[in-house]
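For the record, the sequence lines run as chains P, F, W and B. Going by UniProt numbering, the first residue of the first sequence is number 1, and it counts up by one from there. Going by UniProt numbering, the first residue of the second sequence is number 1, and it counts up by one from there. Going by UniProt numbering, the first residue of the third sequence is number 1, and it counts up by one from there. Going by UniProt numbering, the first residue of the fourth sequence is number 1, and it counts up by one from there.
No lab work stands behind these hints: they were computed from the structure. For clarity, every value in this text was computed on a predicted model and none was experimentally measured. For every residue, glycine included, the Cβ atom is placed at its ideal position computed from N, Cα and C. Any given hint could turn out to be false.
[Claimed, not checked] Selected chain W positions facing chain B (Cβ under 7 Å, derived; list incomplete):
hint: 1; residue: Pro93
hint: 2; residue: Arg100
hint: 3; residue: Pro132
hint: 4; residue: Asp142
hint: 5; residue: Arg170
hint: 6; residue: Glu172
hint: 7; residue: Arg258
hint: 8; residue: Glu261
[To be verified] Capping the alpha-carbon separation at 27 Å, the derived lysine-lysine pairs in DSS-like fashion look like this:
hint: 9; chain 1: W; residue 1: Lys148; chain 2: B; residue 2: Lys148
hint: 10; chain 1: P; residue 1: Lys148; chain 2: B; residue 2: Lys148
hint: 11; chain 1: B; residue 1: Lys148; chain 2: B; residue 2: Lys221
hint: 12; chain 1: F; residue 1: Lys148; chain 2: W; residue 2: Lys308
hint: 13; chain 1: B; residue 1: Lys221; chain 2: B; residue 2: Lys31
Number of protein chains: 4
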Amino acid sequence: MEYRRLGSSGLKLSALSFGAWITFGRQLGRKEARELIACAWDHGVNFFDNAETYAAGEAERVMGDALTDLRLPRDAYCVSSKVYFGASAEPRPTQRGLSRKHVIEACHQALARLRVDYLDLYFCHRPDPETPIEETVRAMDDLIRNGKVLYWGTSEWPAELILRAHAFARAEHLHPPQMEQPEYNLLRRARVEVEYAPLYREIGLGTTTWSPLASGVLSGKYADGVPAGSRLATPGFEWLRERLQGAEGEARLARARRLAELARELGVTSAQLAIAWCLNNAHVSSVILGASRRAQLEENLGALPLAKRLDAATMARIEAAAA
Amino acid sequence: MEYRRLGSSGLKLSALSFGAWITFGRQLGRKEARELIACAWDHGVNFFDNAETYAAGEAERVMGDALTDLRLPRDAYCVSSKVYFGASAEPRPTQRGLSRKHVIEACHQALARLRVDYLDLYFCHRPDPETPIEETVRAMDDLIRNGKVLYWGTSEWPAELILRAHAFARAEHLHPPQMEQPEYNLLRRARVEVEYAPLYREIGLGTTTWSPLASGVLSGKYADGVPAGSRLATPGFEWLRERLQGAEGEARLARARRLAELARELGVTSAQLAIAWCLNNAHVSSVILGASRRAQLEENLGALPLAKRLDAATMARIEAAAA
Amino acid sequence: MEYRRLGSSGLKLSALSFGAWITFGRQLGRKEARELIACAWDHGVNFFDNAETYAAGEAERVMGDALTDLRLPRDAYCVSSKVYFGASAEPRPTQRGLSRKHVIEACHQALARLRVDYLDLYFCHRPDPETPIEETVRAMDDLIRNGKVLYWGTSEWPAELILRAHAFARAEHLHPPQMEQPEYNLLRRARVEVEYAPLYREIGLGTTTWSPLASGVLSGKYADGVPAGSRLATPGFEWLRERLQGAEGEARLARARRLAELARELGVTSAQLAIAWCLNNAHVSSVILGASRRAQLEENLGALPLAKRLDAATMARIEAAAA
Amino acid sequence: MEYRRLGSSGLKLSALSFGAWITFGRQLGRKEARELIACAWDHGVNFFDNAETYAAGEAERVMGDALTDLRLPRDAYCVSSKVYFGASAEPRPTQRGLSRKHVIEACHQALARLRVDYLDLYFCHRPDPETPIEETVRAMDDLIRNGKVLYWGTSEWPAELILRAHAFARAEHLHPPQMEQPEYNLLRRARVEVEYAPLYREIGLGTTTWSPLASGVLSGKYADGVPAGSRLATPGFEWLRERLQGAEGEARLARARRLAELARELGVTSAQLAIAWCLNNAHVSSVILGASRRAQLEENLGALPLAKRLDAATMARIEAAAA
């Protein structure tokens, strides 16, 4: 495994990490989750990503049990949570958002579900237009000073808001945000490559990127339509199904098919190629993988040696295929 | 129920909330209080207001037992306390006021009585001319940083003192006050509408207003004199009885009678009309209701749909009636 | 009892308070100490003064047991400790002074001996030329923020050092010192009346003064020499005995004798007159009394009504007698 | 014993202190370590130095057991730990360095091994080019404010980095670093005497120096080659063996031999002379001794009276011998 600094910070995350999104607490029960975490750990993964909203808190409970069962050394791995959407299907007004009340309560609830004393990373899962950034920054700082959180950051925030949070923290002598968790893949590049570019330089932002396969599109599995039983066929994933429909959807699938051809030519899988491409962006601290089966996880972990092999010419061909 | 932000903060309170003042621990024992809280909760109320001085601490004990019995989810409701008057009939010199000693001790005592780990809202119940504002602001900040309080504010403070507290907090990088709890009703409007006007803009002040019925006067129940058994007839309420005496008192009752006529015309009750009028002030975060019977509480909760129906013309008629 | 603010702070101390110095843990065992504290409490005393060094910690143990036995309400009284001299006859190098290590360790030890969760007042018992003021101020601030201390101050510090501590605290946004504990009596007036004068105005300094009887000299009991069994006859009080020897000592005794004559004329005791004189300085927040017998304590408590009776002319006569 | 302030701080350390490096948890088991600590304590030593990396944590466990067994008064001694290298032979990426995660986790682990509630001194064992100094300074400040550490500092940091850490701490109102732990002996003088010179003046830096005998070279025991069973003959000490090889190594040994001659002439041992020379640098707060036998420790402790006897002429002869 390769380890990278989380932006300018001293925290070293595995370049490939493992997330609970979609799978934990849904397809995956405690036993399966434990096996996948053990597999990732054996391959050197040291960052396990989670959020209050994943399976309405159940993803954190499953991960907490697995981490406890496996007796992983607490100082050798990092675990995250994210606050914003709440941990229930129908959160009440104070059970979501980035108010001091919810940021603090959600942290304590995540600690209980994950069965740890502190979160290594704690993300604001979305901007909250109904809470002043100042209130959220102060709450994060209080959590860090009280030892409940080590590093805090954002997920899917526009660069301008991240800068405002950072500036307020510095002006008030508070712990500034250290990382972002953006979507990043061959089909969605602008934010990580363009919008955040000044932030890497100016505030040392780290990134833990999600959806390297564009929710499975780049794995090639939707090339011939949506298979029954796949994520896209289940309720709650209408947003994803829509991404594949219409002219734009067809264009996306075409790009996925061209990528698959190139992968075949190189003797690797589409998924490996797509992940390896993400890894070759130096501003990516860690690419978060999702997987529901061991074989799939191991396939994806194979992207790391592949990434080291890819030369500039091949990188250009990948980008051309997905353009 | 409608939920409103507490001023500029991210905390969302129900537009109608429920307070323990006067009733809890006096007319109302544990069982009755629990039923009223359950009723309010079922109607969407998420803020329960209290103070150390209400029934000398007994109001908090009653509420704490009720909240515990009902097993309301801690992250779905807000509970407050207020410090200044002390929690006994004859407080000793260090048992009242806004000294660091009393602010901190009163907080811990309220937590024990309310049976919670932290107060969502903690108010300075009056200004204390014998304690420098700086001392109180520092004590509040320490309580917030130590997780004992989420938001702090004031009750019945002149605008100028609120601004001074806010300015000191900002200059010293401390948690600033976020809300005020003023009296607000058709008979007492100036402070909320005029005096505090700059504070909404400049420091994002929220308000949780008390006495929407002017201590019952606007409910019309004193139109024909003080009934035996009513609050005004009991010792300790001389201050209220005086408000209804003399030329000024007569004028007040006349306004209440005109309001009652209008209410009859609109097919609602005086109380509903008076409360609905408060709700239509956008700077009011939450109107605190008191009630000693379920029917009364439900009547008052009916003010919310009414408020949405009131057009500008009717609002003007209400104000004219109470002028 | 009369209660006074501790300088500009909101803390109200009884104008007469009761200290453990010299008596507790020496002449006075647990039973006697408890009775004296009960007596003081019954007369309205709410401040009990102590220090790590009094009887090498035993004075605090005795007081802690007494406060616990008497079940005084924690929010109705104040208890102090002082750090500097250490709590043993032969302190090791890290067991005395105002280093961060000793300030913090001494606080926790005093809390254990006094059997309380926090000290209301915590004094630096002397300046420590071998510790930078900055280190001590930071340690005090950390104790206050962690809830172990409510107010901190100094004892027998020159005005200039108090100002430096205050200035550093304000510059670094730390809790500033609030009070001094100086010796103050008819024979030693300059520091309280002249040296500290600017501090009352500029930083709102409060004072809890010790030795209103100049270690018994003003009680008149040494007028005819040192009685056997009196404090001055016991080892460890050589410093006090010396104060009464030589030309200066004789002058002191002469002043005490003139004061005794005046007291007789006014029909009060020397001690009452000396204490009442202290009380009439508005910058004195509380005069700390020591006593080894109930009768003596009650005599001294009688100084408060006396003080209110003394007119300007009598005050001038007192000062002339002691000049 | 003589006690010295740790730079400008108020902490007083014994001029000679005792370290666990190399010996504890290797040659020395619990019983031997306890006896040596008891011996040092009986001679007035009050500072016991340790680090997470010494014998991979075992040195701290051994010391913690010894301190507990001996029931030394917690406020009379100081114990240290150091963070950077990790506490295992093969630390994982998050188990070493000066990231917030490792600084905080290593502190809690050291507290558990040493069986104390707080570290008196906590050192950054080396600079970490992969962590911004700001992150480490903030983590140290949080540990101090939470009562887990009393003083923090560095070990083997270049002056420029110490100054940067200090400047950042002051600008952000955080606890600044207070001490350095450099190697200092007759063969390695420049850093302590030249590089750090401005730091003593400007930031009041204290120093706890290690290796007064240059890892045994100055004891004279390698004069005739490396004896079997000595440290240099064991695996893991290649770096030390190399220091004695080649032209440079020969020069070192020659200096050691000249020192031995002088020692013989003065009727003391080489080790005593070398240690006494260190003690006579006023900027050295404490010279850390290592020892694996009681006789050796007592011999080394004899350097203190010797140091007081050495006049300027003899100091010059020592320096000439080692030049």
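Okay, the hints, checked on the actual structure:
| no. | hint | result |
| --- | --- | --- |
| 1 | Pro93 | 4 Å, holds |
| 2 | Arg100 | 5 Å, holds |
| 3 | Pro132 | 6 Å, holds |
| 4 | Asp142 | 6 Å, holds |
| 5 | Arg170 | 12 Å, violated |
| 6 | Glu172 | 5 Å, holds |
| 7 | Arg258 | 45 Å, violated |
| 8 | Glu261 | 49 Å, violated |
| 9 | Lys148(W) with Lys148(B) | 15 Å, holds |
| 10 | Lys148(P) with Lys148(B) | 15 Å, holds |
| 11 | Lys148(B) with Lys221(B) | 41 Å, violated |
| 12 | Lys148(F) with Lys308(W) | 43 Å, violated |
| 13 | Lys221(B) with Lys31(B) | 26 Å, holds |
The structure is inconsistent with the numbered hints 5, 7, 8, 11, 12, although it conforms to all the rest.
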